[in-house]
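Could you build the full structure based on these sequences and the hints that come with them?
Chains as they are written, first to last, in our numbering: chain V, 10 to 233; chain E, 10 to 298.
No wet-lab data here; the hints were simulated from the structure. We treat Cβ as the ideally placed atom computed from N, Cα and C, and that holds for glycine. Among the hints, a few may not be true.
[Said to hold, decoys possible] Chain V side only, calculated, beta carbon under 7 angstroms to chain E, not exhaustive:
(1) Leu84
(2) Arg88
(3) Leu100
(4) Val115
[Said to hold, decoys possible] Dumping the calculated DMTMM-like pairs for lysine to aspartate or glutamate here, alpha-carbon to alpha-carbon at most 20 angstroms:
(5) Lys213/V x Glu38/V
(6) Lys81/V x Asp70/E
(7) Lys203/E x Glu107/V
(8) Lys14/V x Asp227/V
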Amino acid sequence: MIQFKNIIKKFGNGLLALSDINLVVENQEFVFITGKSGAGKTTLLRLIIRDVLPTSGVISVDGDDLIKLSGKKTLELRRKVGMVFQDFKLLTDRTVFENVALALEVVGRKPKEIKPEVEKVLTQIGLLNQKDLFPIQLSGGEAQRTVIARALITKPKILLADEPTGNLDHVTSWDILKLLEEINQNGTTVIMATHNVDIVNKLKKRVVVLEKGKIKRDEKEGKY
Amino acid sequence: MTLLKTAWQHIRRSPYQTLTAIMIMLLTMFAASVFLVAAYGSSVILNYFESKPQITVFFKDEVKREEINSLEDKLKGTEKVSSLKYISKEEALAIYKEQNKDDPLLLELVTANILPASLEVSAKDVKHLGELNNIIKNEKIGIDEVVYQKDIIDSLISWTNAIRTIGVVLVGFLTATSLLIILMVVGLKIGQKKEEIEILRLVGASNWYIRKPFIFEGAFYGFIGSSLAWLISYGLIIYATPYLSSFLSGIPLLPLAPILMIKFLGIEILTGMSVGITGSLLAVWRYLR
Numbered sequence: 010m011i012q013f014k015n016i017i018k019k020f021g022n023g024l025l026a027l028s029d030i031n032l033v034v035e036n037q038e039f040v041f042i043t044g045k046s047g048a049g050k051t052t053l054l055r056l057i058i059r060d061v062l063p064t065s066g067v068i069s070v071d072g073d074d075l076i077k078l079s080g081k082k083t084l085e086l087r088r089k090v091g092m093v094f095q096d097f098k099l100l101t102d103r104t105v106f107e108n109v110a111l112a113l114e115v116v117g118r119k120p121k122e123i124k125p126e127v128e129k130v131l132t133q134i135g136l137l138n139q140k141d142l143f144p145i146q147l148s149g150g151e152a153q154r155t156v157i158a159r160a161l162i163t164k165p166k167i168l169l170a171d172e173p174t175g176n177l178d179h180v181t182s183w184d185i186l187k188l189l190e191e192i193n194q195n196g197t198t199v200i201m202a203t204h205n206v207d208i209v210n211k212l213k214k215r216v217v218v219l220e221k222g223k224i225k226r227d228e229k230e231g232k233y
Numbered sequence: 010m011t012l013l014k015t016a017w018q019h020i021r022r023s024p025y026q027t028l029t030a031i032m033i034m035l036l037t038m039f040a041a042s043v044f045l046v047a048a049y050g051s052s053v054i055l056n057y058f059e060s061k062p063q064i065t066v067f068f069k070d071e072v073k074r075e076e077i078n079s080l081e082d083k084l085k086g087t088e089k090v091s092s093l094k095y096i097s098k099e100e101a102l103a104i105y106k107e108q109n110k111d112d113p114l115l116l117e118l119v120t121a122n123i124l125p126a127s128l129e130v131s132a133k134d135v136k137h138l139g140e141l142n143n144i145i146k147n148e149k150i151g152i153d154e155v156v157y158q159k160d161i162i163d164s165l166i167s168w169t170n171a172i173r174t175i176g177v178v179l180v181g182f183l184t185a186t187s188l189l190i191i192l193m194v195v196g197l198k199i200g201q202k203k204e205e206i207e208i209l210r211l212v213g214a215s216n217w218y219i220r221k222p223f224i225f226e227g228a229f230y231g232f233i234g235s236s237l238a239w240l241i242s243y244g245l246i247i248y249a250t251p252y253l254s255s256f257l258s259g260i261p262l263l264p265l266a267p268i269l270m271i272k273f274l275g276i277e278i279l280t281g282m283s284v285g286i287t288g289s290l291l292a293v294w295r296y297l298r
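Written out as structure tokens, the structure reads:
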């Protein structure tokens, strides 16, 4: 469970990114975060992986108060929370296989153990044939699926997706969405920040709308 | 990908920065190498002179053996002499021949007549040298020259100290420069890899997982730089040994024992790698909080 209590986030330059955020996301929920550019969607996601700390308020993931989290616990948190980005954030000098394997390498897993696991995830996601390609050789959809594979390989409890369809065409966007839904049905909490009106309206999931850093609406089967 | 592979990739993908780092390390460790050998050599030379007869008296040809004997008795009477050794003209020639046996031209020119007889006086302690020297100088017999080793030792000590001071200052300065250059090179690479580092952090890499390749990189520069410096300096020493040997005849310094050079290699690699690792640590501390 992810819980935000009276969260305020002010950046060093005085910009008030978020204020009065009170939000609870239950396990295995699928939540869309929508709003205009600059509404605070990305900041909200960054708070969950402790990439930034709130100026005031309390935020907890599975009962752990993130503000008080030690360095080691922060690493554990990030390994528990997968992250998918609009601009992919793949290492350009590594193949699909190596990019996905990275998430296991950093926790010190042995190459022997890594190989079958990476291949399993790539099969699940339909990228096994592209495993030796470099990111520059991939289509947008393939690149995004690689990122999802990297996020999934650690078997995260939570998957955060920051505009994962922002750079993709309509059809590919739906492929990615289907994949995220499937991941959600397998038991992972999915929080997705998006601009995509079509997707939000058709899926009828919980929608949290941000406006100027505040929650404007929070509806169970919401629309954009 | 393993740690070493990542570090090697960093090194290989920016050859000019790698070259800069290695060259400054090479220069620093070469200077260190030269001064290490110089400091060692000068202390060997100093020991040699300290353990040798400290006053040598050269006599004019007309001096009789009895006169020399009476001088010997006088010196012995002070009880400050540890040994006295008379070297006649013939013995001097024998020594000369031994020293120059490889050079027939020099041998042809010299006969026993042109070499002076001499007396080598060793004092029990360096501080008695002045007194013994005075006794010899007051002797009314025909003394050609008194070579007072204390003068040589004093000037050697001041030379040795000068070499050490210059060495320490110069090597210290170069070490600081190397440290800063490695800090800059590694800092630049951290800058170039900002995005990669961000990604690593997001997938949960620990700080040390991210830092280690950079620290390996610094160690690599130190290792390569100091090994090359050692190779070059050893090469130069081997090349110069025949010339220096004739100049330092009798002093047991050259050729340098390989085991000693291996010790120097160990010291240099250790120092070089420490400098490289310290530079990298400073860089990750500065740029990779």
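Hints and how they fare:
1. With its C-beta approaching chain E no nearer than about 5 angstroms, Leu84/V sits inside the 7 angstroms limit, and its interface hint holds.
2. Evaluation of the Arg88/V hint against chain E yields a held restraint, the C-beta minimum of about 4 angstroms falling below 7 angstroms.
3. Evaluation of the Leu100/V hint against chain E yields a held restraint, the C-beta minimum of about 6 angstroms falling below 7 angstroms.
4. Given hint, Val115/V at the interface with chain E, holds; its Cβ is 4 angstroms from that chain's nearest Cβ, closer than 7 angstroms.
5. A hinted pair counts as satisfied when its Cα atoms are at most 20 angstroms apart, and Lys213/V with Glu38/V qualifies at roughly 13 angstroms.
6. With a C-alpha separation of about 90 angstroms, the suggested pair Lys81/V and Asp70/E falls outside the 20 angstroms cut-off, and the hint is violated.
7. The straight-line distance between the Cα atoms of Lys203/E and Glu107/V is roughly 19 angstroms, inside the 20 angstroms bound, and the hint therefore holds.
8. The suggested pairing of Lys14/V with Asp227/V holds, with an alpha-carbon distance near 15 angstroms, which does not exceed 20 angstroms.
Going through the hint list in order, the structure does not satisfy hint 6, though it satisfies all others.
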